[in-house]
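In case you want the letters, here they are:
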Amino acid sequence: MTPLKERLVQLEVLRYNPDTDTEAHFQRYEVMCQEEWVVLDALNKIKADIDPTLNYRWSCHMAVCGSCGMMINGEPKLSCHAFLRSYEGVIRVEPLAHFPVERDLVTAPDDFMEKLKRVKPYVIPKEKKPISEGEYKQTPAQLMKFRQYSMCINCMLCYAACPQYGLTPHFIGPAALTLAHRYNLDSRDEGRKERQEVVATHEGVWECTFVGACSEVCPAHVDPASALQQMKITSSVDWIVEHLIPGGKS
Amino acid sequence: MSRRPLIREVPPTSWYFRQPRYLRYMSREITSIFIGAYCVLLVVGLQRLAAGPAAWEGFLAALKSPASIVFQFLCLVAAVYHAATWFNATQKAMPIQIGEDFVPGNLISGAHYAAWAVLSFGVLFLAGVF
Ligand code: SF4
Ligand code: FES
Chain A
1 MTPLKERLVQ LEVLRYNPDT DTEAHFQRYE VMCQEEWVVL DALNKIKADI
51 DPTLNYRWSC HMAVCGSCGM MINGEPKLSC HAFLRSYEGV IRVEPLAHFP
101 VERDLVTAPD DFMEKLKRVK PYVIPKEKKP ISEGEYKQTP AQLMKFRQYS
151 MCINCMLCYA ACPQYGLTPH FIGPAALTLA HRYNLDSRDE GRKERQEVVA
201 THEGVWECTF VGACSEVCPA HVDPASALQQ MKITSSVDWI VEHLIPGGKS
Chain B
1001 MSRRPLIREV PPTSWYFRQP RYLRYMSREI TSIFIGAYCV LLVVGLQRLA
1051 AGPAAWEGFL AALKSPASIV FQFLCLVAAV YHAATWFNAT QKAMPIQIGE
1101 DFVPGNLISG AHYAAWAVLS FGVLFLAGVF
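Note that the protein sequences, when read in sequence, are chains A and B.
Taking this note's numbering, the leading residue of the first sequence gets 1, the next gets one more, and so forth.
Taking this note's numbering, the leading residue of the second sequence gets 1001, the next gets one more, and so forth.
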């Protein structure tokens, strides 16, 4: 077996300690890494061998849990999915943009959690039936209609990429609105009208100016930008029916 | 341990230099200035037409000046760029599902390009270009 190739990697990591610091600063680390490692592996090696005080979140190491999002050279990435071989020179690692920094690379996701709740991301059936009556059935075609939008891992990379969210924090934002769309498209759901109170507003889809960055950075290929544009169209149709068609109801 | 999160502000006027994709977005937004300016030119043209033959001839002559040709060329580039990005986006905004499958996005955008070509041809035909 040929030995694995090693490489000395330099990382510049943003540090912030709420107990002692008033500002964040960059700290440079040099660490020997294997060629096929990801940025998260390098951070783990730093924490194990060089600096145990470094804080960051991770769990699955396989792009599933969505907890290891960071800015890597200015780009929102899952650090468990950012291969060292894709980078040259010093790699700059910062906490996800647009979220308050709790400590080092750990951000506070409270705002996102709050927004997720507001879009009612669950099936709201017209009439609840007792469990004894069995499941709500769905055909494969009905499933395909929203499947892509159900793949979100809540990593918040899209929020870190979205300049609109950065500039106007009241914006509900890509992932939460996309989840609203996912349930609106679900054949078992009747909750669209309730969600429209959040979706079809200036905190909702009308705050989106279609920069499209969310879809470019999404590691799960959810394509939030498409969901938001589709919701703009359906919300506009609602408005036309309600205001321009006599007797029309949305 | 206290909780004292640090807010890292987004620079309100220069954020679009942060990533190339933001610059791409801004360049698309800026095309609308050229399109707006060209609309003003058309309105001025109408007004000149209403003012009589001499005014109209003067307007046509002004259109042929080098500055005007440069301006119109820039407007054309901006309009084509704007239209192309718009048509490329239609496949995201208007997906068509048939059974379990979606119609390939390129077909949806392609249909828009085709309609654009046909309409442009129609306008040029009515304008007596052919
Ligand atoms: S939509 Fe994509 S980028 Fe946004 S939170 Fe979900 S998985 Fe992450
Ligand atoms: S550690 Fe779970 S997504 Fe990276």
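One or more hints might be untrue.
No more than 30 Å apart at the CA atoms, straight line, and that leaves these computed lysine-lysine pairs for DSBU-like [unchecked claim]: (1) A:LYS193 x B:LYS1064; (2) A:LYS5 x A:LYS47; (3) B:LYS1064 x A:LYS137; (4) B:LYS1092 x A:LYS117; (5) B:LYS1092 x A:LYS120; (6) A:LYS145 x B:LYS1092; (7) A:LYS232 x B:LYS1092.
FYI, nobody ran anything at the bench for these hints, they're computed from the structure.
Quick rundown of the hints versus the structure:
no.	hint	verdict
1	A:LYS193 x B:LYS1064	55 Å, violated
2	A:LYS5 x A:LYS47	21 Å, holds
3	B:LYS1064 x A:LYS137	67 Å, violated
4	B:LYS1092 x A:LYS117	26 Å, holds
5	B:LYS1092 x A:LYS120	24 Å, holds
6	A:LYS145 x B:LYS1092	13 Å, holds
7	A:LYS232 x B:LYS1092	12 Å, holds
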